[in-house]
Amino acid sequence: MKQKLQHWVLILICGSMLWLGLGCQQQASGEVEQPRIRHVLERLSFGVTPEQMQQVEATGIEAYIQSQLSPESIQESPKLENSLAQLDLIQADPIELSKKYYLGQRRINKNLEISNETKNKLQKQNQKQNQKIRQQAVDSRLLRAINSPRQLQEVMVDFWFNHFNVFALKKSTILWLADYEQKIRTHALGNFRDLLAVTAHHPAMLIYLDNELNTDPNSSVAKGQFKGLNENYARELMELHTLGVDGGYTQADVVALARILTGWSVDHFDKQENENGFFFYENRHDSGDKIFLGQKIPRSGIEEGEQALDILAAHPATARFISYKLAQYFVADEPPSSLVDLLAKKFLESDGNIKVVLDTLIHSPEFNSSEYYAKKFKTPYQYIVSLVRTGGIENPNFKRMQGMIAQLGMPTYLCATPNGYKNTQDAWLNPDGMLRRIGFATAIANGSLNKEYSLDADKLRHNLGDLSPKTQQVIAKNPPGLSNALMLGSPEAMYR
Amino acid sequence: MKRRKFLTAASLATAGMLIPVGLNSWVAKGIAQPTNRKRLVVIFLRGAIDGLNVVIPHQEADYYKARPTLAIPYPQEKNGAIDLDGFFGLHPDLQDLMPLWKKGNLAFIHASGSSADTRSHFDAQDYMESGTPGVKSTSDGWMNRLLGQLPKERPTQALNVGTSTPRILKGMMPIANLNPGKNSTVAIPTDHAHINKAFSSLYDGDDLLSKAYQEGHQAREIILKELGQEMMYASRGASIASSFVDDAAEVAKLMEGDAKTQLAFMEIGGWDSHINQQLIFKKYLPDLGRGLATLVKGLDSIYPDTTIVVMSEFGRTVKENGNNGTDHGHGNVMFLLGGSIRGGKVYGEWQGLGESALYEGRDLPVTTDFREAIALILQQHLSISDDRLAKIFPGYQLTGNINFMA
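The listed protein sequences derive, respectively, from chains A and B. Counted from 1, the first sequence has number 284 at position 284 by the numbering used here; the numbering is strictly sequential. So the mapping is simple: the numbering used here equals the position in the second sequence, first residue as 1, plus 1000.
So here's chain A without its partners, still in its complex pose (with noise of 0.2 angstroms):
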């Protein structure tokens, strides 16, 4: 009976350190397994919380995986849901937006009736509408990064975002990025043709990469500002979105392919009444047959396009490239290239599934193996974020930590090129950054983030996992103030 209890005891000491992720030498599984654990969890997700690792001790870590991969399964958290209920114009009609902005806009420009102290003021109105509204925009974006429990969601909005990347400054796509980072969000995980259909329609894009002015030279109403044909979208729709700047097109594609989208564009007064914003302008239209990709094109106004697309979705350099740049966020900055040609294989199988070949990614045994643990240097947003939810800070001043991120060189929704912000470790890792992340752990460690919250050392370690020799002799040798802030900014902390 005795030894019994004992027996009970061991189990429960054990259990409780596993969960604690110190490892327990009586379960060798679990000294296997723990790490993995960790592994996955900081790689499917935005930094790891003690609620995850309760989920995966009580489901399993494939279970979590499985429910990662199916966000629509997982019941949003309802306090994030509040607060982001409360985000006006994040929830606003992005058209209702647009129409009023431009009407401010003509009144400006065009009006003379009016002072120009009133112009000022409406310039100074719109401007900080503007403001205003990416406040929000950023809001939401850390709102649901630290707090959505569909992390995976969340990280995959984080590479896709990059990977079509818009820019809130050009013109107005300002108006429009809610609404097109939603509808990333949507099909974070779903097929990369409909991703693809998603951003060659949306106005965020089409402003941003100037579609919404392509016009065939030859059209009656080629003049002004659409004056003519503009490449700028056709060429990165293959360079950055589908086939890569190695994927085999040529000069004569990237204009074929800027005929083929020519009238693609925003209408932003609303007139068509169209509920998307976008609106295919036939006058506009080169209505010659093309060739594309070695295959011809015949004219069929705006269904040239949406073949276009289908050829570029299924292209396989398109399932290479996607698949090199998943390999590359969630593995290696130089990714194996036997992972990249097993993705390659499951996305052109599958159709482009992106659950499918995420799957085939967490399962891989590339993506498993122990070399990869650990190794990926964190960029600016997701060290900081990473910071908030291991350290486990509540309602966290979203403005500085924006702030934090911009002066890291990340300011959301500001990559100012189409080809987004980086995530390997030459991108961030350099003296004057490096100082900086000292900078902010301390401070965050002092509650710059929230005063009324304060680190405790003892969650905070147990939330990094195990941390060095060198790390826990460093904090032991130096008075304990310094013990949170040392922790935020260590080796381990930066690293995922």
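No lab work stands behind these hints, which were simulated from the structure alone. Glycine included, every Cβ here is placed at the ideal spot set by N, Cα and C. Check each hint, because a few of them may be wrong.
[Claimed, not checked] Each pair of labels, with its calculated beta carbon distance range:
1) B:1135 x A:299: 30 to 36 angstroms
2) B:1037 x A:106: 51 to 57 angstroms
3) A:349 x B:1192: 55 to 61 angstroms
4) B:1400 x A:169: 36 to 42 angstroms
5) A:314 x B:1037: 56 to 62 angstroms
6) B:1243 x A:349: 55 to 61 angstroms
7) A:301 x B:1243: 52 to 58 angstroms
Starting from the structure of chain A, add chain B where the hints point.
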């Protein structure tokens, strides 16, 4: 930082070479070259300054026709332009620059700019900073590529004045940052000895994080030492002091002193004058002039070895609009300043302001590519060889159309 460079740096350290970790270890030193005293400052006027009202073609009747309310009056008139060469004149709010013009240290290139035809601020700035007009996928900036072609010196060799690294300085080479305005010498956590001590012992290894921390901290220490208390109190007291003028004084100190800053980048925003342009000019232009004069004065002994370039993403419409402003245009004016500039001259091919001479019938054309001016400075002033130049401005060939270097 590119992986290859990283590996070189890492392998040097692990091979046990006796280089003190820090100063020289972030990247392997380039080919041994004598220390280069030459300096370059680039000042970017974001928002597109109206160059036609900065360097005014007061002998063009079309100028006055196109700008009934905004034109700067003739030199002899009230608030008129300051005559430069009998044809062009300088905006009166830039009078602080006149001594430099007279000394022959200041030149302008009119009708210059980027070959890309965009009228979007962001695209145009992006192209000027990447140094590859029309190519959006360039990920680094030309000043960072330039730094990569210079012999490596102190961690403060390249300096940005700003809260985050701008496009022009982005890339694989590490740079130092100086916060603009009153925040430049406000303490950051690692300025406190006990915090630095803790992190210095956490990051005392040969790994990349350690090297980054050490070099970052070193750069910071150099800057603090150079700017010190004296600087904090000397220019910061006056409440109306402009941030740019103060920043210019600090940049000068870092270039002239032990920080040995060789490349510096500064920016002034707010030039997008669609409405009430006069107010905008009144607000910013005097500071630009005073800041440049302060910079020149502060550079002191190093001034003869310094070249200063002022540029903006594009010019503005020749005609004023209905709101006392001007809209996005094309060609603009560049400022060149320094000990080795053949100044006292307005360079560039001037084709007049008649409608047929204008770009798309409305804007000053670009007759000098901005890369022509900068590449010439890099070649003549910083002794960058042609093959290195090709790495900084890929695809650009110097035409040799203008030569403003003494």
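Do the hints match the structure? See the list:
Remark: the range hint 30 to 36 angstroms for residue 1135 of chain B to residue 299 of chain A is upheld by a beta-carbon distance near 31 angstroms. Distance hint check: the CB atoms of residue 1037 of chain B and residue 106 of chain A are about 55 angstroms apart, consistent with the given range 51 to 57 angstroms. Between residue 349 of chain A and residue 1192 of chain B the beta carbons are some 57 angstroms apart, a value that agrees with the proposed interval 55 to 61 angstroms. Residue 1400 of chain B and residue 169 of chain A have their C-beta atoms about 38 angstroms apart, which keeps the hinted 36 to 42 angstroms range intact.
Between residue 314 of chain A and residue 1037 of chain B the beta carbon distance is about 59 angstroms. The supplied range of 56 to 62 angstroms therefore holds. At roughly 59 angstroms, the beta carbons of residue 1243 of chain B and residue 349 of chain A sit within the given window of 55 to 61 angstroms. The hint said 52 to 58 angstroms for the Cβ distance between residue 301 of chain A and residue 1243 of chain B, and at roughly 54 angstroms that hint holds.
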